[in-house]
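Here are the chains, one letter per residue:
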Amino acid sequence: MATADTTASAPAREGRIIGRSWLGALGLLVLLGLAAWIYQLTRGLIVTGMRDEVSWGLYICTFAFFVGLSAGGLIMASASELFGVKSLRPLARIGVLTAGACVLVAAMTIIPDLGKPARVWELFVYPNWSSPMIWDVLIIIVYFLFAAADLTVMTRRGMTASRRARWLRIMAYIGLPGAVLLHSITAWIFGLQISRPWWNTALLAPAFVTSAILSGTALVTLVALAARRWGRLRLPEETLSTLIKVIATTIAIDLFLIAADYITILWGNVPRERAALDLVLPGGSWQWVFWLEWIVGGLIPFVLLTVPRWRARSGVIALASALVLIGVYAFRVELIEGGLLKPLLALPPGVSLGATAGSGSFQFLGSYHPTWVEYAIVVGLLAFLALLITIGYRWLRSLGPHAGEAGA
Amino acid sequence: MAEQAKRWAMVIDQERCIGCWTCAVGCKEINNEPAGFWWNRILTSAPGIVTGESADETLAAPASDNIDVPHGTFPHVEMDYLPVACQHCDDAPCVRVCPVGATYRREDGTVLVDYERCIGCRYCIAACPYGVRVFNWGDRKYDPSFTVGYGRDYRSDGRLVFTPDRPTGVVEKCTFCVERIDVGQEPFCVTVCPTGARVFGDLADSQSSVAQLVDDGATQLLPDLGTDPRVYYLPVNREGSA
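Just so you know, the sequences run in chain order A and B.
Just so we're on the same page, the numbering used here is the position in the first sequence counted from 1, plus 4.
Just so we're on the same page, the numbering used here is the position in the second sequence counted from 1, plus 98.
Hints were generated in silico from the structure; no laboratory data involved.
Beta carbons: idealized from backbone N, C-alpha and C, even for Gly.
Worth double-checking, as some hints may not be accurate.
[Claimed, not checked] For the chain B half of the interface with chain A, some residues (derived, Cβ under 8 Å), not all of them:
hint, residue
1, 106
2, 142
3, 163
4, 180
5, 215
6, 218
7, 227
8, 306
[As the list claims (entries may be wrong)] Some chain A residues flagged as far from chain B (calculated, every beta-carbon gap over 10 Å):
hint, residue
9, 118
10, 136
11, 137
12, 156
13, 171
14, 209
15, 263
16, 304
17, 383
[Claimed, not checked] To be clear about the criterion: a stretch of chain A counts as covered by chain B if any three or more of its residues have a C-beta under 8 Å from a C-beta of chain B, and this derived list gives those stretches:
hint, region
18, 14-27
19, 52-60
Construct all of the structure, not just a fragment, from the sequences and the given hints.
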């Protein structure tokens, strides 16, 4: 980068090597993902683990997860403006950068899930406005453009400080409701469907907004810690402590919302409502999502971030943030797959598979096991996201010594 | 004479259904459905599911994973057959969710998929309460290896609503045999049913047998969802029922 030391001291050289290997590894994973997608294009979605009964898998779970990740940064930047949370100021630029990158990669994640990706343009030519998916496409585009505009205002040279401050304030007024809308509409893709009792709860939009803030903040925390470690970001303790408070509080709210849903279903004891829940509760065949969501990604990070002796260590904060991301991903899997695994008409011989498996052409109880193609594509998308954030951060840093921080 | 718009509907008499799967196999044949594809299935059910009296039995533990196994404990056992294909709902969730309007409802109530428009997002599969949609995941296997059935493209209002070999990456389903009903024939499942359990006709014509059967108390599948299907069922008359 332009700001690289000319003295080429040993640590700086080491840093450059780490930086290059990081970028190289990410680039390689992106290429592998791309190769897997090309393979999928030639064979069709038959190379995935999805079939007619569980017709959405890893791609859609990851899409919903990436959309959620985009929340943290923009809400953080907007909150620091609107509510004067000064401690979050240093993260405003990183936040908006992360938000833009996440929502861009979320949109890309939809493409490999499509059976006819070459027809994606039809979304813009023949939109059906009664479909939540069209509204989601719209809000994703608006949100991405907004993040790009916000970043432009933050980094533009030759703008007077007062003018920049006024613009950032205006942007914040749009950004916060925009973020809430993005996550609500994504939730409504699922939550409005009467065919899936497990999805069909009014709690879904609040739960998506909450888990988005949770995972988004955890991601920004991870990025900020990495930027402090390897990218010379000045990260005040005060900022870190605000992030910890946001994450811990949001874990509690998120789990509360999910628990409220569980309790409603359990007490009501209506079979069609119980079916999916019984799959994910301890003892069910999908109970691993429960343990990941409640213990690995819930209780453990909550304790790590609330015990003063532990939360003082940045390694612990990073670990807790990573666990939170796993927990939120598990929530996406729990919701999406749970709804699909239990069709309303669960009568023998079941649902047509759209293919012949060893046992026949019907499936009575849903099953889903992602294939290496799906894993490779999802890892490739994840690597692309990391690549975008890394390059974006370097660009921000190249703008000036304190460019990683707020422009105000 | 201005012809009145048709309102196509099908009535399935569960008392007559013997669970022979002829309609399902006939459907596969006329539509050239590949191996593993079923637009039409005959579920083994318990009486009452269709009428909504016991809608939750749909998810109560079924008697068995296998077909033809009665519900209940001997000697109190009961069973009936529930043939399920696209219900051609008046308020169809699949039509509502399709982002590009590839799934659409014709004036006469037939719900169709435009195979040239579908982007393969499978939102309709998630949205359908009846599990009747099939996706073309990849290369199709045919047994026999040659095309059977109608065998050529059929367009309605210029849209490709039937083609013998649907492309990889699109969703397909029962069309009410649109290419047949448009020329005055019945859907093939109605034609082949050996017991005459299926009746097809125009609801707008109050003299038609479907209209009269619907008046006489035919019911819909999962009626509490309000999808208002154009496929009706005449439940099995059990002892003790009104």
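Hints versus structure:
no., hint, verdict
1, 106, "violated, 23 Å"
2, 142, "holds, 5 Å"
3, 163, "holds, 5 Å"
4, 180, "holds, 7 Å"
5, 215, "holds, 7 Å"
6, 218, "holds, 2 Å"
7, 227, "holds, 4 Å"
8, 306, "violated, 28 Å"
9, 118, "violated, 5 Å"
10, 136, "violated, 7 Å"
11, 137, "violated, 4 Å"
12, 156, "holds, 30 Å"
13, 171, "holds, 34 Å"
14, 209, "holds, 17 Å"
15, 263, "holds, 23 Å"
16, 304, "holds, 32 Å"
17, 383, "holds, 22 Å"
18, 14-27, "violated (count 0)"
19, 52-60, "holds (count 7)"
When the structure is compared with the earlier hints, violations turn up for hints 1, 8, 9, 10, 11 and 18 and for no others.
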